[in-house]
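Could you put the whole structure together from the sequences, leaning on the hints where they help?
2 protein chains.
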Amino acid sequence: MMRSSVIASSLIFASAIGVTPLAAPTANVEHSPIYGVTIPVGYRNWQFVAPAHEGGSLNELRVIVGNDKAMKAYRTDTLPFPDGSILVKLAWRHVPLALKSDPGPPQAFLAGHATSVQIMVKDSKKYASTGGWGFGKFIDGKATDEAQHQTCFSCHEANVKEHDIVFTHYAP
Amino acid sequence: MMRSSVIASSLIFASAIGVTPLAAPTANVEHSPIYGVTIPVGYRNWQFVAPAHEGGSLNELRVIVGNDKAMKAYRTDTLPFPDGSILVKLAWRHVPLALKSDPGPPQAFLAGHATSVQIMVKDSKKYASTGGWGFGKFIDGKATDEAQHQTCFSCHEANVKEHDIVFTHYAP
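Protein sequences appear in the order of chains D and Y.
Per my numbering, the first sequence starts with residue 1, numbered consecutively.
Per my numbering, the second sequence starts with residue 1, numbered consecutively.
No lab work stands behind these hints: they were computed from the structure.
As the structure is a prediction and not an experimental result, all values here were calculated from the model.
You may find that some hints are simply not true.
Pairs involving identical chains hold if they fit within one copy or between any two copies, as the list cannot separate such chains.
[Stated by the list, open to error] Straight-line alpha carbon distances no greater than 20 angstroms define the calculated DMTMM-like cross-link-like pairs of lysine to aspartate or glutamate that follow: (1) K100 x E146; (2) K69 x D83; (3) K125 x E30; (4) K100 x E54; (5) K142 x D83; (6) K69 x D164; (7) K100 x E157; (8) K100 x E162; (9) K100 x D164; (10) K100 x D77; (11) K161 x D68; (12) K161 x D145; (13) K72 x E30; (14) K161 x D102; (15) K72 x E146.
Listed below in structure tokens is the structure:
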């Protein structure tokens, strides 16, 4: 907790400048706890890395997009990702599509309402203690709580350390 | 069958020019049967419209992308889509992600190997008899057969006539 608070307070302004270069840093820009990550400007127009589906209680369809630095790293098989790489995971409810032409049980599922936006920002110095990545999870534009952000790094490190702690691979 | 053949033969060159403006039309460019649709150059870098999940025997994760004309139409709620709009649906096998940190049954699913690329091209004159859209389905760069392409329009028209026969809605 102490470590997190220290990191958070020292990163708030650096992150606002570094992660959203087109937005003037203002006091009311939403930052994630621990990491001070903000929602990057224009991410909905970025190219996509891959889709994903989360079953169970989350029940989501997802698309992971990357900024130019991240996409270039993917396409050139560059690991670790260079500083300045940003990945954004957009998530929506996984909802069935009822076909008029086929009254049977739905087999197709589409994106329903948006549930969350999750962000990874690479800065090997700023985030040296968490594999070089800062994390942020936002629901309706509001960052989720510190307890949730404390789970990001440990799960990524435990599962995908060999891939610069990034789960998503490029879907060609 | 007669109608299809006539359309196909008259469209092969028009489509090669209209759909892939950056590629010189050559005899060995792959065209879909009936419609003469080709795989558009650079579609993997296009912005995405939405993800989808097809269960059952197809068992696929999908991402639908659009060219600039199609994305502008989505973002401005413009229907019908203007001529020149192109939508591409990329599909991959829906494969489970085994977590090292959680040995239980997988709840997350990622994109496995690519299965097919499906294309819709809007040209209200050329494709007047099929709702203004031409269709193409390609597996490993090769168009699938005519019988499969004869199913496209009827299913789209039966299910999503009110949305310019396009299934996919924009995921914000």
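Worksheet item: Quick one: K100 to E54, C-alpha cut-off 20 angstroms, is that within a copy, between copies, both, or neither?
Response: Answer is between; shortest inter-copy Cα gap is 16 angstroms, intra-copy 27 angstroms.
Worksheet item: Is the C-alpha distance from K161 to D68 at most 20 angstroms within one copy, between copies, in both cases, or in neither?
Response: neither (23 angstroms within a copy, 37 angstroms between copies)
Discussion item. Within, between, both or neither: how does the pair K100, D77 come out at a Cα-Cα threshold of 20 angstroms?
Written reply: Close neither inside one copy (44 angstroms) nor across copies (23 angstroms); limit 20 angstroms.
Practice prompt. If the cutoff is 20 angstroms on CA atoms, where do K69 and D83 land: within, between, both or neither? Let me know, please.
Written response: within (8 angstroms within a copy, 33 angstroms between copies)
Worksheet entry | Intra- versus inter-copy proximity for E146 and K72 (alpha-carbon distance at most 20 angstroms) | neither (31 angstroms within a copy, 38 angstroms between copies)
Item to complete: Check K100 against E162 for me: Cα-Cα at most 20 angstroms, and say if that holds within a copy, between copies, both or neither.
Response: between (46 angstroms within a copy, 12 angstroms between copies)
Discussion item. When Cα atoms must be at most 20 angstroms apart, do K142 and D83 count as within-copy, between-copy, both, or neither?
Written reply: neither (25 angstroms within a copy, 39 angstroms between copies)
Discussion item. My question is about K161 and D145: at a cut-off of 20 angstroms on alpha-carbon distance, are they close within one copy, between copies, both, or neither?
Written reply: neither (25 angstroms within a copy, 44 angstroms between copies)
Worksheet item: When no copy is named, should K161 and D102 be tagged within, between, both, or neither for a Cα gap of at most 20 angstroms?
Response: Close across copies (15 angstroms), not inside one copy (45 angstroms); limit 20 angstroms.
Discussion item. For K72 and E30, with the copy left unspecified, which applies at a CA distance of at most 20 angstroms: within, between, both, or neither?
Written reply: neither (28 angstroms within a copy, 28 angstroms between copies)
Discussion item. For K69 and D164, with the copy left unspecified, which applies at a CA distance of at most 20 angstroms: within, between, both, or neither?
Written reply: within (15 angstroms within a copy, 36 angstroms between copies)
Item to complete: Could you place K100 and E157 in one of the four classes (within, between, both, neither) given a Cα distance threshold of 20 angstroms?
Response: between (45 angstroms within a copy, 10 angstroms between copies)
In terms of the numbered hints stated before, the structure departs from hints 1, 3, 5, 10, 11, 12, 13, 15, listed from lowest to highest.
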